[in-house]
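Participant: Chains as they are written, first to last, in the UniProt record's numbering: chain A, 1 to 163; chain B, 1 to 749.
These are computed hints drawn from the structure, not numbers from a lab. In this text, a Cβ means the ideal position worked out from N, Cα and C, and glycines have one as well. There may be inaccurate statements among the hints.
Lysine-lysine pairs mimicking BS3-like chemistry, simulated, CA-CA at most 27 Å apart [what the hints assert, rightly or not]:
# : chain 1 : residue 1 : chain 2 : residue 2
1 : B       : K538      : A       : K91
2 : A       : K100      : B       : K56
3 : B       : K165      : A       : K63
These stretches of chain A come out as covered by chain B in the derived footprint (C-beta under 8 Å, 3 or more residues) [claimed, not checked]:
# : region
4 : 42-50
5 : 94-108
6 : 127-140
What follows is a list of derived Cβ distance ranges for each label pair [claimed, not checked]:
#  : chain 1 : residue 1 : chain 2 : residue 2 : range
7  : B       : S549      : A       : R160      : 51 to 61 Å
8  : A       : T50       : B       : D116      : 12 to 22 Å
9  : A       : R23       : B       : K74       : 39 to 49 Å
10 : B       : K686      : A       : R160      : 21 to 31 Å
11 : B       : R181      : A       : R162      : 53 to 63 Å
12 : A       : T50       : B       : R417      : 45 to 55 Å
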Amino acid sequence: MLMVNQGEKVKIKVKVNGVLYERYVSPRMLLVDFLREELGLTGTKIGCDTTTCGACTVILNGKSVKSCTLFAVQADGAEITTIEGLSVDSKLHPIQEAFKENFALQCGFCTPGMIMQTYFLLKENPNPSEEEVRDGLHGNICRCTGYQNIVKAVLDAARRLRT
Amino acid sequence: MSYVGKPIKRLYDDKFVTGKSTYVDDIRIPALYAGFVRSTYPHAIIKRIDIRDALKVNGIVAVFTAKEINPLLKGGIRPWPTYIDIRSFRYSERKAFPNNKVKYVGEPVAIVLGQDKYSVRDAIDKVVVDYEPLKPVTKMEEAEKDQVIIHEELKTNISYKIPFKAGEVDKAFNEADKVVRVEAINERLIPNPMEPRGIVARYEAGTLSVWYSTQVPHYMRSEFSRILGIPESKIKVSMPDVGGAFGAKVHLMPEELAVVASSVILGRPVRWTATRSEEMLASEARHNVFTGEVAVKRDGTILGIKGKLLLDLGAYITVTAGIQPLIIPMMIPGPYKIRNLDIESVAVYTNTPPITMYRGASRPEATYIIERIMSTVADELGLDDVSIREKNLVTELPYANPFGLRYDSGDYVGLLREGVKRLGYYELKKWAEEERKKGHRVGVGLAYYLEICSFGPWEYAEVRVDERGDVLVITGTTPHGQGTETAIAQIVADALQIDISRVRVIWGDTDTVAASMGTYGSRSVTIGGSAAIKVAEKILDKMKRIAASTWNVDVQEVQYEKGEFKLRSDPSKRMSWDDVANIAYRSHDPGLVEKIIYENDVTFPYGVHIATVEVDDTGIARVLEYRAYDDIGNVVNPALAEAQIHGGGVQAVGQALYEQALLNENGQLIVTYADYYVPTAVEVPKFTSIFADQYHPSNYPTGSKGVGEAALIVGPAVIIRALEDAVGARFTKTPTTPEEIMKAIMSKR
């Protein structure tokens, strides 16, 4: 167990989108605040700060997590991918293309979390049924689209990634 | 080249799918963080606020209360005079903090300012407020009795009480074969856009810059000016990307006034982003009860309606709450030729969080009331849902409704007949009947709506053509997810006959946009798009004149087609779009810039929607399918329009079955975001959306009407009707919860 005195910071090392960061953080700092405030990676959004909406979803050591529900210190030694790390060489990732093509976003606030959750979902299950897609996204809330076009986009992305 | 009418892809999605979107909380600027101390009582005298311990917290810069903030404010929050007759309401303008009395649980009483949000959180807990509790009144029906007065200076809790009378109601009831009682209740909702409210204010050298998650930057600039006494010329309000609003971001909150005032006092930038729990207190919506009687003939003809509409305002009047008591009664006759009405509209204060508007704002309520009337009367007379409506629909348009609203165009009966056919209503009815025989609790519901939308009085548009011929469109509308910018680009590209990739659309910054009303009430494509057409015509005219003067001919001699200006008399003389743009840029004239204020007013889309609902053995209902057939006038981009039906439809599912801002006896919100139940991907239906081929255009140049709110306007009535069909019982409320459904199922056993 890590013992920290009040007001003291803890050194952590994390790799985010392939870049290594060593920082001193307050032990109560949430991972999402670390990403946004410390690293300036504001693509990850805060929609509810209570693990409900999924706007803050990132990939941590290969699994999707809601970054408002982890402390930055818990990510010590981890590899993280955020929405900013998904496209390579300014070329959109097939999931990003599919979201664009299928009108799968409106206000765009849930989109980074939706896309990261989709990324995880399709890694686990490259050929999901519509029901599996809906189930896989049910921790991510969208208030604009009614989900139909998001589900369409995820199925389209699965096809794009398989070929 | 033609873009209008096609599902053109949204133009600016890249930043959203790559995480480069910039909402107000994403703006990086060295600012103090703000947080709020909130009342724990629904109604209490503030005896003392002790901030000493809070100031000892590391990084805390200041704590301000009413004493410091309110004297800076020359006015307060008041209803929106553009759409609300403010003299018909009793209210006091609301300052940032109450001077001596709190009026709801969660009301802010002090602002804490510090260097990071964690220390602000700590300091909030260290502010000690002594209260002397008073008896609260949290129910509308109790508040109306005036035994506990919330605003002493008003001497009553009744803010608004106006009878809406038309025709001869007594005669209608005397001639009735039957009188049917109808009740229609909309519980309290929360719009809950994904992005919570947020603001950054920077005051320096007499100039105020505000980055603000708002739908109405120009209106907010004028409100900041009026309230803070800073000239508008020294205020800039910028609307960054806005993560959904649904009407909730038309209103100005006391927290936001406190943030701006703190920035003025400290001379430093200050920022505040609401937590989800704060967002859930900031914008609550609906909450009204209609009780009435309907005079009917045996054949289903509705002769008249009388009743009372009671609406909750919460503890204070907001910018938008006044819209509901004004517009609901006028739209109760809806698409039907009912001429005799007597509806008393009463809005009261209660010790609860203030009410604001939410997608549809008054039209969902009016539609729910009239469609409950139609369905209930059909049941009482043994008629079906289609024929009762056919019997009463307005048949000749234009039509002046009994309260003076002029319905512009359409074929209401024709649409119903066609819609029922295209959506497969009777097939679904038969399917449900068969399924019920097998023991499946499924049902089909139908409802009709007439919507008043595209509210005026005007909208602004500007077009600039640069030296290379590329086009910048500045719109006064303020899209925040709808994709209106893409629709406007389509419209302008068509009007100028150029490639859409040459058109960029911007909005939302008061320094860039000369004037603006904004985006709300399903108006943007119609009034904003029409303004864009008009200004594009002016630009084209100017370019023809430039071509004419270059050739030294009369302007009538110049023809324009597909990017080329030609001389009528000598077709070999041509100049490209780019050449004319370049000539204009190099001339002494300031170039190709045209601006317009385009004036127009409301139009009336309409449609019929149906839904199928399944109820399980525990009373939990699910909407399986939702189908819509709408005449929204000319459809500029069918994919964007359909997306509005999906989004509104899911909010209708939430309103009808799941969502409720539950308050306890102290008026305290007792649901969190998790158990407020915004529908997720697993609770939503499959959508089918059809737009009428034989549409009836509005009188706007776009020919469009509006679609942003349609599915949430009619959806709750559709789904409740389907639920009645599934369970075989009458329901009056949104939401109808599993407990209520279970009770109905049990009582039938």
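Participant: For every hint, state whether the structure bears it out.
Facilitator: Right, here's what the structure says about each hint:
Pair hint B/K538 plus A/K91 does not hold up; C-alpha atoms about 39 Å apart against a cutoff of 27 Å. This hinted pair does not check out: A/K100 and B/K56 have alpha carbons roughly 50 Å apart, beyond 27 Å. Pair hint B/K165 plus A/K63 does not hold up; C-alpha atoms about 62 Å apart against a cutoff of 27 Å. Residues of the region 42-50 of chain A with a Cβ under 8 Å from some Cβ of chain B number 9, which satisfies the need for three, so the listed coverage holds.
With 9 residues bearing a CB less than 8 Å from a CB of chain B, the region 94-108 of chain A meets the requirement of three and the coverage assertion stands. Counting residues of the region 127-140 of chain A whose CB lies closer than 8 Å to any CB of chain B gives 7, so the stated coverage by that chain holds, three being the minimum. At roughly 53 Å, the beta-carbon separation of B/S549 and A/R160 lies within the given 51 to 61 Å, and the hint holds. Checked against the hint of 12 to 22 Å, the pair A/T50 and B/D116 passes, with Cβ atoms roughly 20 Å apart.
Checked against the given bound of 39 to 49 Å, the beta carbons of A/R23 and B/K74, roughly 46 Å apart, stay inside it. In this structure the supplied range 21 to 31 Å holds for B/K686 paired with A/R160, their Cβ-Cβ distance being about 23 Å. Between B/R181 and A/R162 the beta carbons are some 59 Å apart, a value that agrees with the proposed interval 53 to 63 Å. For the hinted restraint 45 to 55 Å between A/T50 and B/R417, the CB-CB distance of approximately 48 Å keeps it satisfied.
Violated hints, in rising order: 1, 2 and 3; the structure is consistent with all others.
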